[in-house]
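A.B. asks: As they're listed, the protein sequences go chains A and B.
Under numbering that gives the first Met the number 0, the first residue of the first sequence is numbered 0, with each subsequent residue one higher.
Under numbering that gives the first Met the number 0, the first residue of the second sequence is numbered 0, with each subsequent residue one higher.
Fair warning: there could be bad hints in the mix.
Taking lysine-lysine and the DSSO-like style, the derived pairs with C-alpha atoms no more than 30 Å apart in a straight line are [as the list claims (entries may be wrong)]:
# : chain 1 : residue 1 : chain 2 : residue 2
1 : B       : K2        : A       : K152
2 : A       : K101      : A       : K176
3 : B       : K2        : A       : K161
Simulated from the structure, these hints should not be mistaken for lab results.
On a predicted model such as this, the values are computed, not experimentally measured, just so you know.
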Amino acid sequence: MIEIRFHGRGGQGAVTSAELLAAAAIEQGKYAQAFPSFGPERRGAPVVAFCRISDEPIRLRANIYEPDVVIVLDPSVLTIAHVEQGLKPDGTLICNTKYDGKHIRDILKVKQKTATVDATHIAMEILKLPITNTTMLGALIRATGLLDKDALKEPLKRRFGKIAEKNIRAYETAYEKTTILE
Amino acid sequence: MPKRVGMEVSIGASEAVRLANVDAIAAYPITPQTHIVEHLSEFVANGELDAEFIPVESEHSAMSVCCGTSAAGARTFTCTSSQGLALMTEIVFIASAMQLPIVMILANRSLSGPLSIWNDHTDVMLVRDCGWIQAFGENGQEIFDLTLAAFKIAEDHRVVLPFMVNMDGFILSHVIEPIEILDQETVDKFLPPFKPVYRLDPDNPVTMGAFAMPDLYTETKKYQDERLKASLPVIEEIWKEYGDLTGRYYHPVETYKAEGAKTLFITMGSFGETASTAVDTMREEGEAVGLCKIRLWRPFPYEAFWNAMKGVENLIVIDRATSYGGPGGPVASEIRSALYTMENPPKVVDFIAGLAGRDVAPGDYKAMYKRAQERIASGDIAGYEIYGVRE
Numbered sequence: 000m001i002e003i004r005f006h007g008r009g010g011q012g013a014v015t016s017a018e019l020l021a022a023a024a025i026e027q028g029k030y031a032q033a034f035p036s037f038g039p040e041r042r043g044a045p046v047v048a049f050c051r052i053s054d055e056p057i058r059l060r061a062n063i064y065e066p067d068v069v070i071v072l073d074p075s076v077l078t079i080a081h082v083e084q085g086l087k088p089d090g091t092l093i094c095n096t097k098y099d100g101k102h103i104r105d106i107l108k109v110k111q112k113t114a115t116v117d118a119t120h121i122a123m124e125i126l127k128l129p130i131t132n133t134t135m136l137g138a139l140i141r142a143t144g145l146l147d148k149d150a151l152k153e154p155l156k157r158r159f160g161k162i163a164e165k166n167i168r169a170y171e172t173a174y175e176k177t178t179i180l181e
Numbered sequence: 000m001p002k003r004v005g006m007e008v009s010i011g012a013s014e015a016v017r018l019a020n021v022d023a024i025a026a027y028p029i030t031p032q033t034h035i036v037e038h039l040s041e042f043v044a045n046g047e048l049d050a051e052f053i054p055v056e057s058e059h060s061a062m063s064v065c066c067g068t069s070a071a072g073a074r075t076f077t078c079t080s081s082q083g084l085a086l087m088t089e090i091v092f093i094a095s096a097m098q099l100p101i102v103m104i105l106a107n108r109s110l111s112g113p114l115s116i117w118n119d120h121t122d123v124m125l126v127r128d129c130g131w132i133q134a135f136g137e138n139g140q141e142i143f144d145l146t147l148a149a150f151k152i153a154e155d156h157r158v159v160l161p162f163m164v165n166m167d168g169f170i171l172s173h174v175i176e177p178i179e180i181l182d183q184e185t186v187d188k189f190l191p192p193f194k195p196v197y198r199l200d201p202d203n204p205v206t207m208g209a210f211a212m213p214d215l216y217t218e219t220k221k222y223q224d225e226r227l228k229a230s231l232p233v234i235e236e237i238w239k240e241y242g243d244l245t246g247r248y249y250h251p252v253e254t255y256k257a258e259g260a261k262t263l264f265i266t267m268g269s270f271g272e273t274a275s276t277a278v279d280t281m282r283e284e285g286e287a288v289g290l291c292k293i294r295l296w297r298p299f300p301y302e303a304f305w306n307a308m309k310g311v312e313n314l315i316v317i318d319r320a321t322s323y324g325g326p327g328g329p330v331a332s333e334i335r336s337a338l339y340t341m342e343n344p345p346k347v348v349d350f351i352a353g354l355a356g357r358d359v360a361p362g363d364y365k366a367m368y369k370r371a372q373e374r375i376a377s378g379d380i381a382g383y384e385i386y387g388v389r390e
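Whole structure, please, built from the sequences with the hints as guidance.
C.D. replies: Right, dumping it as structure tokens:
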């Protein structure tokens, strides 16, 4: 079982990211679970969402404390949300940042595999909005290989309808542009 | 076999209600409400469900409307949560006394105060004695299945009672997970149209909800109690029929790795899933521990419960609500009472945990197990302990 924790700010779609990933995994015949850290939802406040993916049915109804993957959707929560907390020693950190992986490792004082992409820049260019949920899914799939690259396309189409094409483009661009520091 | 589809559990629940082809839905549409009625209102608006959707100004009115539509012969559904249930409680008792086979999903959440929106079982324990059939599901698939079966059980002429499906708020209601949705043809074979025994009909007038003088009230209550108890074999029969149809069988009491277990956890609702994962780990570490899940809370399934208790030395009951100043949490008090006539009953240690969304992870079950062994060894097993309190 792979456990993933999403960090973002309310309104950026961290919860949507977790849901899309779970939906894609289930469509591929896997078992998955996605849920927010429940609370009063406030636009702009740091938020957390969770996703579990497994080949077996998942029998766990608790938060994720030791994630295999941490994904940070908003650069501004990087140093305030304790994003590195509990990340497994062989885990993966994925960040939306304009800096490189070495810089991120230095400021968070971590040694894990680190993937970086300037998702805000990509989202602003393609979606004209600083909403990085679909963009960062591209980085997630690239850095982890959890699912086939195409597995997200159907869930993206269903979720975004008329703006699905732009979101798929943002997703694919981030997939191409993600840099991985092993 | 139908495909597993990833969806929010609340959406899965609303699919069950759509497939049951309900005639009337009355609900208070804002907090504390779930996506269930939101989705149902969309089904009605876009023509996928031919039903009256009646948005009302309060839950008191929601249950009042449900009583009216059910009495008129309409298959009726509503759902609520926490404060909403508290507000409708007056009419909840009337629905069962009038034998109205309404189905309600209760997204279990805490009651204020302090003001809280999160999950626990305080709301359902408020209406423990309301005379409804009350069952618990532990995941999205179970909520879907129990909801569909609930209509058939409630409307069966041997039963004719309202049915409450309990689903942990947030922990289930807001989670995306795989659910198998049955097709309409299969559901139609399982669930016949609602045929009321009596209905409000201007051409054939009947009296419903009449006044009872002291010389009749006790007899009506005895009848109501016998009626609820007599629903147990019908519930088992219909769950069996549902299992034959889908491969998913449900029982009033279910056990996990109970064979050879000296100690059993007792849980209701979504606790059961995490507890089974914790039991796996503890079994690997050599502990003789298992799990017993109470699926049917009312009518309480005594025989099945006693059968599950044979040879068990210790029980660790995990309550998700408090009975302030009482002898135990609501579940543990019932369990102790049910064990009273048993020869060599197991010892009961009661923990109250997971109040208002407090996370209960596999490690917490292990900690409660350890703490229970200590308390049993020292003979200190009376009352209850609120687990995980920061002091």
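A.B. asks: Run every hint past the structure and note whether it holds.
C.D. replies: Cross-check of the supplied hints:
A distance of roughly 19 Å separates the Cα atoms of K2 of chain B and K152 of chain A; the hinted pair therefore holds under the 30 Å criterion. Between K101 of chain A and K176 of chain A the CA atoms are separated by roughly 16 Å; this keeps the pair inside 30 Å, and the hint holds. With a C-alpha separation of about 27 Å, the suggested pair K2 of chain B and K161 of chain A falls inside the 30 Å cut-off, and the hint holds.
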